Structure formats: structure tokens, C-alpha cells
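**Student:** Now for the letters of each chain:
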Amino acid sequence: MNVATSISVEQIRKEFPVLHQQVNGKPLIYFDNAATSQTPECVTNALVHYYQNDNANIHRGIHTLAERATTAFEDTRKAAQRFINAGEAEEIIFTKGTTEGINLVAQAYARKFLKAEDEIIISGMEHHSNIVPWQLVCEQTGALLKVVPVQPNGEILLEDFDQLLTDKTRLVSVVYISNSLGTVNPVAEIISRAHAAGAVAMVDGAQAAPHHQIDVQELDCDFLAFSGHKMYGPTGVGVLYGKRALLESMDPYQGGGEMIRDVSFEKTTYNDIPYKFEAGTPNIADVVAFKAAIEFIEGIGFEFLHQQEMALLQRGKERLYGIDGFRPIGTAANKTSVISFLIDGVHPFDLGMLLDARGIAVRTGHHCTQPLMDHFQIDGTVRASFAVYNTVEEIDTFAEALSEIVKKFRS
Amino acid sequence: MSIAEKEQEIVEEFSMLDGDMEMTINYIMELGEQLPDMPVDKKNDDHIVKGCQSKVWMAASANEAGQVIFQADSNTAVTKGLVSLLVRVLSKEAPEAILNTEITFPQQIGMNRFIGTQRSNGFGAMIKQMKLYALALSSKTQTDA
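For the record, the sequence lines run as chains G and A.
Just so you know, our numbering puts 314 at position 314 of the first sequence, and the rest follows in order with no gaps.
Just so you know, our numbering puts 1083 at position 83 of the second sequence, and the rest follows in order with no gaps.
Simulated from the structure, these hints should not be mistaken for laboratory data.
Treat the hints with caution; some may be incorrect.
Said to hold, decoys possible - Capping the alpha-carbon separation at 25 Å, the derived lysine to any residue pairs in SDA-like fashion look like this:
#1 G:LYS317 <-> G:PHE304
#2 A:LYS1055 <-> G:PRO328
#3 G:LYS26 <-> A:ASN1112
#4 A:LYS1050 <-> G:ASP262
Unchecked claim - Have a look at the derived ranges for each label pair, beta carbon to beta carbon:
#5 A:GLY1116 <-> G:ILE260: 32 to 38 Å
#6 A:GLN1034 <-> G:GLU159: 52 to 58 Å
#7 A:ALA1065 <-> G:HIS20: 41 to 47 Å
No experiment lies behind these values; they were computed from the predicted model shown.
Yeah, the Cβ is synthetic: ideal placement off N, Cα and C, and Gly gets one too.
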């Protein structure tokens, strides 16, 4: 790593007050970014600014504050459109997060259009959020769920996908980047093959949004869901992108305010997209602040993000893989800055607690991917996931701590 | 030694660790290592304590004096240490004494702070299970009588 790069990371770290604290008497090392990333001051400032200056309900008010709040809310929609290069801002629907986005598609699209014997394809490395919504739809419609198997290195093979893809396939929903393993899946190819078979393609982009430049027009995905809190933004806000024609063909997901045009006891007509899918007062403040997170990523640029994260991943592999009993779970050729692992003879929970005692935050457990853990015949892993503000020095400290902990277990 | 005295002993031991998280966790794991082995044939689903994040197995029997003898194990070292504390406090006690005891040492040593909310719930589940065993053994003793 060159000097200029380390200076930049140092500057980036200054924007995250949460990182500058002691946990259990040690400087915090935050390696749980795949669960939730930290928020820079520009995001928290935007949140505070909104509540202190512009707080009002959106879209219906005639007064100044309502106008300001509405503008700020819709500005985030435009920022999200730009972020994923969607064709139109109306194709951006605000949700609580990725989970709600997938459920929305499952209930408002799949439940309406799928029938008995139709097939849905997912991969074996999906988060529960991209499994259970489809299982519910299968129960409701009689459709069948097919699963692309995962290879020992944590990849899926396109030929396995092709085996499952038939003229009965109506929908394919795959994770872009696995939260448990870090595997980057060949989603563009999967989408193209799904379309060739006449199926609709959805992408779970929760882990991809903070790491990869996503261009929905280039990917040609029909739906994409992602979350604010995994990309330096607030919790409780996410985006569902959908192609206009598909969104227009769908029925509303929830009923209430905002999503209607006219309501009478005899007949209610629905609003246009995206409002048709945004019933009730949305999470205005977090949506407004989410724009600052998008601009934060754009300001750094994916080139630098990628370079920094790959440097962290590389250092992690160099320092960790040699530790006594270290067993990486997920060694795909194309993977993001996630190292999921086990140490022979030491339970992940024990490691997680001992690392926390040294101020190091990692995730332990099944990471909401129980079928994947069953596939590897393990209960869970320890997962260290890196963000742009992490440093190689933190990785070194982590490796030394882990090494010492393991030695203690062996003694 | 009464239950209260055993609890007091634990409180004193932990106070010597001065609230240091790593030392505390290491001490808990050391205590777990000293827990007598649980027979493998008892480490099955019938003896799993429900409500714990880690796997915890627990069995109980009565000795000739009618006291409850607990056996326990866990798949994680820290949890094994935690359950060993309960075995130490409640084993070799009369069922009635176990049923009438309110365990206070976890609060006194500030256990929530170092094991977190979810594990604290699991710890509560272990205590509940031990009381259920005590109740079962106490009714059995009464029936036998």
C-alpha cells in the first residue's frame, strides 16, 4: 500500500466518530461490516439537520417544511437512481431494507403471476431473506423452489444453474455477493440465461451495494434490493429497484396513505409507481440521510473502495491462513472483503467473546444462512468483514489476537 | 456449604478479576474444564436445555441422601464454564432448597455485562431447567415415600 492510500484511509476514518473509542479497554476494531457498516458524520449530520430544520410529512402538505421534506426525500430517490443507474427515478421504491424489498416482489409479483408447478430458482448460499419469502409464495401458489448447489469453495456453477433452468422457471433470485462467504456470483450471466428461458430475474444486492458499482441497466436485472445500513447509511431504509413495466403490472403490497389515488367505500384506485408501493408515512428522516451515504460512497469512488478492500482481504489471508487450525469457509476466486473461518477445536462463540474482550468486533454464528451452514456441515463460522475505513494494522492486531487466543486453547 | 455461601464464594472469586473481560472469560472457561465429564449417552436431545444459543446438555439424579446431583456439558467453552457455576451452586442440594432458592450471583458479578443479553436469557433457561429437575425429583421422593 502506498503512502497516499494510507493517508486517505486515515482521512476517511476521521469521518467516523464511532470508530474512535475503546471497547473493553482496547481500541475498537470493527470487523462486522457485512452485518452493519458504521455511518460517517455526513450521514448523522443529515439526520440531525432534517429533524432540526425540515421535519414534516411528505407529498401532501402545502406548507414550506412539507415542501422541503418532500424535496429532500425525492432527492434521495434521484441519488439512488444515479447510484445504480436506473432508467427512471420512479423505478426506485423505498423500503425498510433488502428483506422488505424481496418480500414485496414475492407477494406483489410472484404471488400474482405464479401458479402451481411453476418454478423459482435460488442458490444454496442465500440469506434467509432470499429463501423464506419464496417458500411462502410456493405455499400460496403451489410453485416449486429449486436450489443451485454450492461447491466446496463456495461458488456456484453456471452449468448447475442451467440444469435447473427449464421452461417452467418463472423467477430466479440470487445473491450478488454472499454475506457468509464473500463469494461474488456471476449475476450478469445468470440474469441473461434466466431471461433467455423466459424468467424474471431478481438480485439480492445487500452485500454488493457497498462494494461494487451496480448498473441495473447493464445487468438487465428485473428487480434489485439493497439496504442503507450496509453501505454507510442509516438503518431501516432500503431500495427496491424494479423495471417500470413489471412494477406497473403488480398489485400494491400494502394498503394505506400515499399509495392511493382515490378512495371510496365502493372503489379505490391506486397511485402510480413508486408511490403505489410506499403505503403510509415512510421513514422520511432516514431516507433523507441515506442520500449522504450514497454521496459518501460516490465521493470515495468504487475504484478506491475496491483497491482498499482487496488490500485488506489480501493482508487477512496472509496473516490469518497460517494460524494453527485455521479453516477458511468460502475460498471463491472472486470474493469480496469477507473472511469466514473456523479454528479446529474452538467454538466460534468462544472466539467471538475472546476477540470482543480485546475490542475486536466479529460476527459468529450461521449469519442467517442455515442451509449453507448445513451444506458445509457446520453450525456456523466466525466472520470478519472489512470496510473502507479498516486498516492493515487492524488486521495485524486481529491476527495476533487470534493467534494468542488459539495458543491458549492449545496449551 | 449452603447455596448462599457457595454463591458468596463465587462473587468473591470474580471480584478478584477486577472486571477485566478477558481474564473473566478465561476464568469461566477454566471452571468449565474442571466440570466432571457428562456420560456421552446422556448428551442427546432429551437432555438439551431449550433457550440457549449454544448446545447445553443437562441431566439430574438423586443420591442416597435425596440430594440432586447435576451433570452438564456444552459445545462451547464459555457456556460450559457458565453451567459449571450453576452445577457448583445447586448440586448436592435437597430439591426443596433448589426450588426455594433465588439465584443472585449472576447479578452480583454483573454477568450481563460480559455475556450479553442473549446468553443471559440462556442462563435463565438453565436455572429453570435445574428447578424442573429438582421438582421432578422432589415429587418422586414424595411418591416413593
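**Student:** Can you name, in rising order, the numbers of the hints this structure does not satisfy?
**Tutor:** Violated hints (numbers, rising): 4, 5 and 7; every other hint is consistent with the structure.
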